[in-house]
Amino acid sequence: MSSDSQTADRGLRSLIARFGVPHLLATTLVLVAGTILLGIAAKATGSGLACEANWPQCDAGPFNLLPANLPSFYEWFHRFVAMFAGFAIIGSAVSAWRSPDIDRRVAALVVLGMVLTPIQVYLGRETVLRYEMEILSLHFWTAILIFAMFVVATALVWKPRLRSSHVPAVLALGLVSVPLHVALSPTDLGLVSDYSPTVQLLQYGVTLSLLASVIVATMVTNWRKEDQTLLGLLAGTTVLTLAVTYLGRRAVMTLNPALDQLYLVLAGVLFLAFGVVIYRSRK
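Residue numbers for the sequence shown follow this note's numbering, so the first one is 191 and each next one is one higher.
Be aware that one or more of the hints could be misleading.
Below, simulated DSS-like cross-link-like pairs (lysine-lysine); rule was C-alpha separation at most 30 Å, straight line [what the hints assert, rightly or not]: (1) Lys349 x Lys473; (2) Lys415 x Lys473; (3) Lys415 x Lys349.
Label-pair ranges, simulated between beta-carbon atoms [claimed, not checked]: (4) Pro308 x Pro358: 24 to 32 Å; (5) Gln451 x Ser327: 17 to 25 Å; (6) Val284 x Gly422: 36 to 44 Å.
If you're looking for bench data, these hints aren't it; they were derived computationally from the structure.
Predicted model, so just to flag it, every value in this text is computed and none were measured.
Using N, Cα and C, we set each Cβ at its ideal position, and we do this for glycine too.
All chains should be built: construct the whole structure from the sequences, respecting the hints.
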């Protein structure tokens, strides 16, 4: 190994030792969530075609690298944060892969996240250059997949600090998220008269909380509780959560009363399911 390679290797190990893979993964998870929400803000404000449909440039400043107005700023800032999220994903993957004490499942998840990142970047580019509903949806669900993988990976590295007593609290977050998700939706039961960009941002923030809560609760239950019935209930709750997430997005993207009714019914069932699993988890 050359002296330069040895120096780089020592530098990486020093960085990992100082901040730790758990903190690096937690930071990456926050950046991924922030990128998703900023992407929602860009779409909601109609800024997806700002920056004069340039990519990766924008529409002002040296080499058109900066935003010229507020809509362009939304799109530009989304790209800016996404860039740091991408670097964090790569750093997490390299750190996890090269750390002997890290669970190989964690390394596999974050490396897969790193592999998906250029695909996600390409889809982001296509949303600017083509702006088709199919591409927008694929871009969104790929981001959700990356988010879910980093939730799992982060929970795995924080496993020693997660206790069975945390399960009811995490599930309570999911319980509260369900009615908030409905209240912020554009359906008849939604409490907002104007599905504004702020409302959309809040609803998708609730969506991420809902997904994270059921993932973490299921993982901690599997580790700390010998309760197969509770695990089965959580598996059903996870399926319901994915269905409500999907139908909630369809309610935003299309005007379909039948899908809206199905979304509301499943949201009600999900709320009851969270109540049941919370009761069971406290035994």
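Against the structure, the hints:
Of the supplied pair hints, the one linking Lys349 and Lys473 holds, its CA atoms being roughly 21 Å apart against a limit of 30 Å. For the proposed pair Lys415 and Lys473, the alpha carbon gap of about 10 Å is at most 30 Å, so the pair holds. Between Lys415 and Lys349 the CA atoms are separated by roughly 14 Å; this keeps the pair inside 30 Å, and the hint holds. Against the hinted window of 24 to 32 Å, the Cβ-Cβ separation of Pro308 and Pro358 comes to about 40 Å, which falls outside the hint.
For the hinted restraint 17 to 25 Å between Gln451 and Ser327, the CB-CB distance of approximately 21 Å keeps it satisfied. Taken as a hint, the range 36 to 44 Å holds for the pair Val284 and Gly422, whose Cβ atoms sit roughly 38 Å apart.
Hint 4 from the earlier list is the only one contradicted by this structure; the remaining hints agree with it.
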